[in-house]
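Colleague: Protein chains in written order, with the numbering used here: chain A, 40 to 490; chain B, 40 to 490.
These are calculated hints, taken from the structure and not from any lab test. Some clues are possibly wrong.
For chains that are exact copies, the list does not tell them apart, and a pair is met inside one copy or across any two.
What the hints assert, rightly or not - Each computed DSSO-like pair below joins lysine-lysine, with the alpha-carbon atoms no more than 27 Å apart: (1) Lys452 x Lys151; (2) Lys382 x Lys312; (3) Lys382 x Lys452; (4) Lys340 x Lys151; (5) Lys151 x Lys382.
There are 2 protein chains.
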Amino acid sequence: MTQTQTAERPDLRAFASLNSADAIELLNTFELDEAVEVAARLPLERAVAIFDRPELQRAGELIAALPEPRATALLEGMADDRATDVLAELDEADRTRLSGTLRRGTREALGKLMRYAPDTAGSIMSTEFVSVPADWSVAETLDHVRRVERSRETIYAIYLLDPHTHALERMLSLRRLIAGEPDASVRSVAQRTTPVAVTPTTDREEVARLIRRHDLLAIPVLDESRHVLGVVTVDDVLDALIAESTEDVQKFGGMEAVTEPYLRIGFLAMIGKRAGWLSALFLGEMLTASAMQHFQDEMAKAIMLTLFIPLIMSSGGNSGSQATSLLIRSLALGEVRLRDWWKVAVREIPTGMVLGSVLGVVAMARIAIWQLAGIYDYGPHWHLLALTVAAALVGIVTFGSLSGSMLPFVLQKLGFDPASASAPFVATLVDVTGLVIYFSIAALILGGTLL
Amino acid sequence: MTQTQTAERPDLRAFASLNSADAIELLNTFELDEAVEVAARLPLERAVAIFDRPELQRAGELIAALPEPRATALLEGMADDRATDVLAELDEADRTRLSGTLRRGTREALGKLMRYAPDTAGSIMSTEFVSVPADWSVAETLDHVRRVERSRETIYAIYLLDPHTHALERMLSLRRLIAGEPDASVRSVAQRTTPVAVTPTTDREEVARLIRRHDLLAIPVLDESRHVLGVVTVDDVLDALIAESTEDVQKFGGMEAVTEPYLRIGFLAMIGKRAGWLSALFLGEMLTASAMQHFQDEMAKAIMLTLFIPLIMSSGGNSGSQATSLLIRSLALGEVRLRDWWKVAVREIPTGMVLGSVLGVVAMARIAIWQLAGIYDYGPHWHLLALTVAAALVGIVTFGSLSGSMLPFVLQKLGFDPASASAPFVATLVDVTGLVIYFSIAALILGGTLL
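Full structure from sequences and hints, please.
Modeller: Set out below in structure tokens:
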């Protein structure tokens with residue numbers, strides 16, 4: 040990557056020497072009109088390879104701005120799942136205009152794909168796969184594969200169809216095919232088990248899970264009558280996984296997931312993605328103000344108590360965010376199931392108590408040192424104050440760990456993605472309760488002395 | 040998955056009907072001794088397929104507990120990168136014992152692999168790949184591939200070596216090979232460009248990035264003299280990506296990354312992973328106590344002010360965590376580079392101001408409503424108090440967004456992984472500053488009235 044970072048803008052000859060990935064990276068840095076010019080003048084095959092990659096930014100704008108014949112040639116040349124994504128970026132007018140120029144077959148294929156919701160198998164599948172009747176011979180099939188090779192996104196998974204119903208019967212990997220006896224039937228060399236498959240509406244995350252789970256290079260997408268509509272290949276899934284983990288981190292950070300690169304998101308769009316959750320959390324956090332109002336007499340009597348409020352509250356939020364991050368992933372990876380919630384609770388309570396005690400000891404030391412070293416005077420009852428803070432920490436960190444670990448379960452139980460649990464949300468959840476725990480313990484320990 | 044969740048424990052016949060993934064899932068739920076018994080009695084080929092998968096838990100314990108001949112047969116049969124991982128799980132004694140029983144070739148291959156650090160290309164690569172002299176013909180190569188097919192982890196990428204130096208010359212995909220003329224030389228049908236490759240010490244995350252960037256099914260691992268040591272396949276990379284995003288979420292949650300499944304981590308190990316960061320954050324957060332001590336006269340004079348401290352501080356932390364989650368991913372995906380830091384800063388400042396203003400308006404409304412509806416009396420200067428809170432929110436949310444977005448840059452600049460920036464860390468960073476901003480604005484606005 041580095042060489043392109045610093046590279047002078049090259050003429051087309053220099054472009055030819057770059058591999059697609061580098062060419063795309065460079066193109067992304069160009070002004071739109073310059074990028075259009077390059078896209079128009081590159082050799083077609085080269086341009087297709089570049090437009091075929093999701094890494095190419097502004098693909099829609101480029102296609103729309105290109106001379107129509109070139110735009111059409113590109114769309115015809117691209118993998119149809121990618122072409123669909125690009126068309127989807129266009130405004131209605133351009134989409135209709137360009138679709139009109141496409142070959143009938145292509146137009147119909149893209150039309151079908153465009154009907155599937157984003158993030159579903161249907162929207163990321165390719166309809167360019169290899170399928171043959173299950174009663175063909177290895178030799179026949181190999182010939183067929185050789186002929187269609189160039190026009191298929193993958194040929195490593197070959198789908199054997201029932202000769203009459205054309206429903207999917209078996210999957211045959213290219214490696215098994217070439218290892219097979221030429222005159223054996225493909226059925227005899229194919230996988231024994233029914234192929235793992237998905238439907239067009241399967242979520243891309245689930246598709247990724249299945250491909251990974253069964254070490255596949257591609258997974259077929261079937262309709263109700265088990266006809267193969269298309270295939271999702273492992274490289275589509277890689278991109279999907281990257282996108283998913285980006286969304287997960289952003290949601291965990293307490294905002295709506297954004298799909299465009301940071302520097303390309305509009306200012307207002309950015310505000311929109313963040314303001315919603317921020318305000319929601321703010322409203323929740325307002326309860327702390329009400330709680331504090333409720334305890335203001337205690338605070339007035341012992342201003343000392345207020346000094347440790349942020350410290351104690353944040354510790355609850357931090358332990359909660361730790362527990363949440365742990366459980367979000369355990370649930371996503373299926374290491375922990377919904378029904379295991381109590382096993383987790385049984386672990387988190389003692390964990391929280393130990394962690395809280397650790398912090399409690401540190402806090403008592405802090406207060407004792409400041410007091411005895413004369414850095415600050417917490418008054419005659421400073422040891423009781425220290426005890427209150429320590430006890431509160433044990434209670435709040437335990438509560439934080441418990442609620443933080445249970446939140447993902449609750450979300451999944453309610454049918455939400457556990458990954459929509461966010462660190463700020465957990466913190467807010469714990470803050471209010473934290474205050475109540477703190478002042479209750481204070482009333483208990485300091486009643487009659489400070490309070 | 041569901042059917043195995045609820046399935047009664049089946050005898051071996053039932054086992055035979057499950058696919059590997061389901062069999063593994065079931066095996067993971069067994070007691071160790073039961074799992075050992077199954078592993079000992081399954082058909083060898085079946086057992087190998089199961090042990091070959093990283094999803095199988097306790098693989099080391101199982102191998103160690105199995106009768107030696109079966110353990111040896113399994114290790115010989117498994118992909119050698121996986122066998123290495125399993126041996127690594129054993130204690131010194133068992134490792135030496137079992138290595139001793141392996142064929143010389145296998146023992147040497149595993150010995151080499153074990154020398155590479157975890158999370159490097161060397162540690163996840165397989166040495167079972169296909170390579171041929173670049174001057175062979177397509178037919179010769181195809182025959183060779185057919186012969187060695189069963190013993191290779193992948194045959195979809197074929198590596199062409201210089202006939203004399205045996206250094207890597209070109210990469211040839213199986214699809215191009217089968218499409219080629221039988222008597223053409225493989226060199227003539229191979230890729231024109233120099234193959235993308237890595238070294239044994241390349242980080243697995245970088246390997247994943249390259250495989251994804253160039254849409255590869257496998258990437259060769261080369262030594263200094265460009266000899267092929269092994270290949271990393273796309274399915275190894277899928278596993279690596281999953282592991283990485285787990286680590287990222289956990290680090291962002293404010294703890295050390297854990298590799299074992301939640302329910303298998305020892306209690307003390309779990310404490311260890313969490314106590315460190317929690318205490319570090321606690322020490323940082325202690326500064327809030329000092330800051331509050333510093334402002335205690337103000338608080339004593341206007342207890343009103345303290346009521347909003349948690350509310351204001353958490354808002355700073357939340358906006359910071361949003362910005363951090365955005366930038367961590369943008370940097371990881373290369374959408375934003377280190378040198379773009381100022382572009383980000385220039386965006387985050389106005390973003391923070393707008394977000395802060397939104398919250399400010401909400402806060403003023405809250406105070407006004409409570410005051411006018413007589414729910415709570417903030418005193419004669421309540422409108423000044425409302426103004427103070429609103430102004431503080433603008434300042435703190437702006438500061439939060441800015442510092443939250445800059446933190447990943449700072450970490451990368453210092454040579455750390457930007458993903459080690461955590462939500463709790465950002466919150467702590469913002470809390471102390473938040474207090475100072477709040478009380479400074481208060482002094483400004485309320486000086487002479489409340490203060």
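Colleague: At most 27 Å between CA atoms: does that hold for Lys340 and Lys151 within a copy, between copies, both, or neither?
Modeller: Classified as neither: same-chain Cα gap 71 Å, cross-chain 70 Å, threshold 27 Å.
Colleague: Is it within a copy, between copies, both, or neither that the alpha carbon of Lys452 lies no farther than 27 Å from that of Lys151?
Modeller: Result: close neither inside a copy nor across copies, 34 Å intra and 47 Å inter.
Colleague: When no copy is named, should Lys151 and Lys382 be tagged within, between, both, or neither for a Cα gap of at most 27 Å?
Modeller: neither (46 Å within a copy, 41 Å between copies)
Colleague: Is the C-alpha distance from Lys382 to Lys312 at most 27 Å within one copy, between copies, in both cases, or in neither?
Modeller: between (36 Å within a copy, 19 Å between copies)
Colleague: State whether the alpha carbon distance between Lys382 and Lys452 is at most 27 Å within one copy, between copies, both, or neither.
Modeller: Classified as within: same-chain Cα gap 16 Å, cross-chain 42 Å, threshold 27 Å.
Taken one by one, the earlier hints fail for this structure at numbers 1, 4 and 5, listed in ascending order.
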